[in-house]
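There are 2 protein chains.
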Amino acid sequence: MDNFIFRNPTKIYFGKGMENSTGEAVGEFSHNILLHYGGGSIKKTGLYERITASLKSAGVTWTELPGVMPNPRLSLVQEGIRICREKNIDFILAVGGGSVIDSAKAIAAGVPYEGDVWDFCENKAVPEEAIGLGAVLTIPAAGSESSNRAVITKEEGQLKRAFGSDLLYPDFSILNPELAMTLPPYQRACGIADMMAHLLERYFTNSSPVELTDRMIEAVLKTVIHNGPSVMMDGDTYDAWAEIMWSGAIAHNGSLNTGRLGDWATHQIEHELSGIYDVAHGAGLSALFPHWMRYVINQDLKRFVQIAVRVWNVDQNFKSDEETAYAGIEALEQFWRSLGLPTTLSELGIPGDRLEEMAGKCAGETEKPQGQFVKLYKKDVQAILEMAL
Amino acid sequence: MDNFIFRNPTKIYFGKGMENSTGEAVGEFSHNILLHYGGGSIKKTGLYERITASLKSAGVTWTELPGVMPNPRLSLVQEGIRICREKNIDFILAVGGGSVIDSAKAIAAGVPYEGDVWDFCENKAVPEEAIGLGAVLTIPAAGSESSNRAVITKEEGQLKRAFGSDLLYPDFSILNPELAMTLPPYQRACGIADMMAHLLERYFTNSSPVELTDRMIEAVLKTVIHNGPSVMMDGDTYDAWAEIMWSGAIAHNGSLNTGRLGDWATHQIEHELSGIYDVAHGAGLSALFPHWMRYVINQDLKRFVQIAVRVWNVDQNFKSDEETAYAGIEALEQFWRSLGLPTTLSELGIPGDRLEEMAGKCAGETEKPQGQFVKLYKKDVQAILEMAL
Chain A
3 MDNFIFRNPT KIYFGKGMEN STGEAVGEFS HNILLHYGGG SIKKTGLYER ITASLKSAGV
63 TWTELPGVMP NPRLSLVQEG IRICREKNID FILAVGGGSV IDSAKAIAAG VPYEGDVWDF
123 CENKAVPEEA IGLGAVLTIP AAGSESSNRA VITKEEGQLK RAFGSDLLYP DFSILNPELA
183 MTLPPYQRAC GIADMMAHLL ERYFTNSSPV ELTDRMIEAV LKTVIHNGPS VMMDGDTYDA
243 WAEIMWSGAI AHNGSLNTGR LGDWATHQIE HELSGIYDVA HGAGLSALFP HWMRYVINQD
303 LKRFVQIAVR VWNVDQNFKS DEETAYAGIE ALEQFWRSLG LPTTLSELGI PGDRLEEMAG
363 KCAGETEKPQ GQFVKLYKKD VQAILEMAL
Chain B
3 MDNFIFRNPT KIYFGKGMEN STGEAVGEFS HNILLHYGGG SIKKTGLYER ITASLKSAGV
63 TWTELPGVMP NPRLSLVQEG IRICREKNID FILAVGGGSV IDSAKAIAAG VPYEGDVWDF
123 CENKAVPEEA IGLGAVLTIP AAGSESSNRA VITKEEGQLK RAFGSDLLYP DFSILNPELA
183 MTLPPYQRAC GIADMMAHLL ERYFTNSSPV ELTDRMIEAV LKTVIHNGPS VMMDGDTYDA
243 WAEIMWSGAI AHNGSLNTGR LGDWATHQIE HELSGIYDVA HGAGLSALFP HWMRYVINQD
303 LKRFVQIAVR VWNVDQNFKS DEETAYAGIE ALEQFWRSLG LPTTLSELGI PGDRLEEMAG
363 KCAGETEKPQ GQFVKLYKKD VQAILEMAL
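Here the protein sequences line up with chains A and B, keeping their order. So the first sequence is numbered by my numbering: it starts at 3 and just counts up by one. So the second sequence is numbered by my numbering: it starts at 3 and just counts up by one.
Hints may contain errors.
Unchecked claim - The following label-pair restraints were derived from C-beta to C-beta distances:
id : chain 1 : residue 1 : chain 2 : residue 2 : range
1  : A       : Glu158    : B       : Ala55     : 52 to 62 angstroms
2  : A       : Ser232    : B       : Met71     : 32 to 42 angstroms
3  : B       : Ser322    : A       : Asn300    : 41 to 51 angstroms
4  : A       : Glu124    : B       : Tyr188    : 33 to 43 angstroms
What the hints contain is simulated information worked out from the structure, not anything from laboratory work. Just so you know, these numbers come straight off a predicted model, no measurement behind them. Where is the CB? At the ideal position from N, CA and C, for every residue including glycine.
Please put together the full structure from these sequences, using the hints given.
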């Protein structure tokens, strides 16, 4: 196990009706906030009314900044920073999924920073302070509700980049599984792929031994695999959604990568995809991950055998680790297909003509590789993209 | 899954040599602290010197209060409170196992409280503030390094009682598995029993469904069962100790009882044992838990089957849930015996003459039952104690 330092201070309010505690939760931090959300679905579902009623009753006033799109844009972040400075706002309430929360995190770090907030994404600066931040989660997927990271897209150059800081952990996050039940099926499936990818990125590590976190990641994966098909249905799916929503937060809250270094190349490759093609992050991940796995399988074949047997219940062929390991990858693909997710780029409508460009944006030819489990250079990334076509 | 609110703010420093960061960690909070420890073993191992050197280099001054004994005493807590008030100390550094950390927690809550700190143990008051607290852990067992609870023994009446408050989460805890490697074998085994008991108390619940936390508890149990025998050996056992030490913290940090209500009767019964006989808490738990399990097995037989199959790899008898469930309990007993732990009271030298007295102190005849999974009254507690003889 690697040495580590870990602290996740986010306060989780979990369960039915918890969004009615929003005002009380916000009021512990501020009474003059930015209310940040997406395209307005929260108005259709009635969530907007419940939240603003709760804010009002707690004496909290707010300025609204809607309009966050999937793959949240730098320009809206910059507008949020301007508004917060102008109105002396010191707390942001994000109501939505990972994109809204990520956008709020970038605003929170940007308000006290004198330079351009994009500097954080280019490692030119590190956040030294941030204003407060809370979230009401509507889409279990990104795990941003309990993580210290954010992903932002810069329109110019179609660049999608992540940055992180312990200052970005939300002060609180409100998770009511009922709020996820109105999501369209494709978005539910994409969320499942996203949280599974967060678990897989952590699972593939050269840190050794890491038995406890291996087993805990496997536990969360099995729970997601068991409950995923249930939340694709209609009807009373609260219990299954509760498992999925809490799994999505735990997958990305940092506890499962204590003492181990995850890979994260697939996420970075996907960022190039969705930076250009604006596909859903989870769908990009499901189209890439199995191919990445086949490309790197010989780095630690036994680890692929372990996940096949323990998570996918593959009947182990003790004479052939290869057969067992590949059967695990096939089970993953089959599971994602059963949810209606793509496992190739073609299914996403992505053609083969810009693979080299994406590979080049993602990794250098001899420097700046992606990935920790296996270091991938441009030619490797291009090969994986070609396999994924 | 039950609704819940969860926040664990303890910052964990984990790994080799981490105790050398003590001064830096403390310095974020205070430069005038109480250094609280036990019987002086930290001087023999050299830990005392490393920690005080680290404090000195960070400009931290300290007042020492050694002498914490297993089952920490109220009188020493009261002395600690007096010293902190007298010297305007606002932070306690606990160096030791659960007893030292629990004693420090009681002091931390007692300093700003006008009444007697024992009030918290009798539910006559709830801590409303507390001074700061950090820990350097030397015994993986109690989980107090990352929990919000403390257990204190009042000499008068031989009463051992727990209290809790989110104010009691340590600000930080330093976990270096190397520090556990000098423990005597019996103490290692008692620690393993203690952390397993924390997992079992959480496992047996009527909250349903709770798949994610079931699977995560199982993951931690399997890790402890796999690594427990290794840490009983001498030689280079760092890797196994790392799994055990982090398991012990996670077992009790609150994350594994999110959305579920654990039982905790066995802990309360054990408090009566060790209140009178001063046995090691872990040994008391190993002597009681299997008997509690047999007494309550029909509350949810399927849950006992689940743990038998998933954790103990019992070959399931699909025609007999009883056989499968009991085989799981026997596997637990066998495991504990293999570590040299008692599974009866007789092995602890506890005679049968005060069982009724202990049962009466623990639970009422028709009110104040113990346990959430199954409510136990005096006659039930007495029956379990008799089974355990």
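Q.
Need the list of violated hint numbers for this structure, in ascending order.
A. Of the numbered hints, 2 and 4 do not hold.
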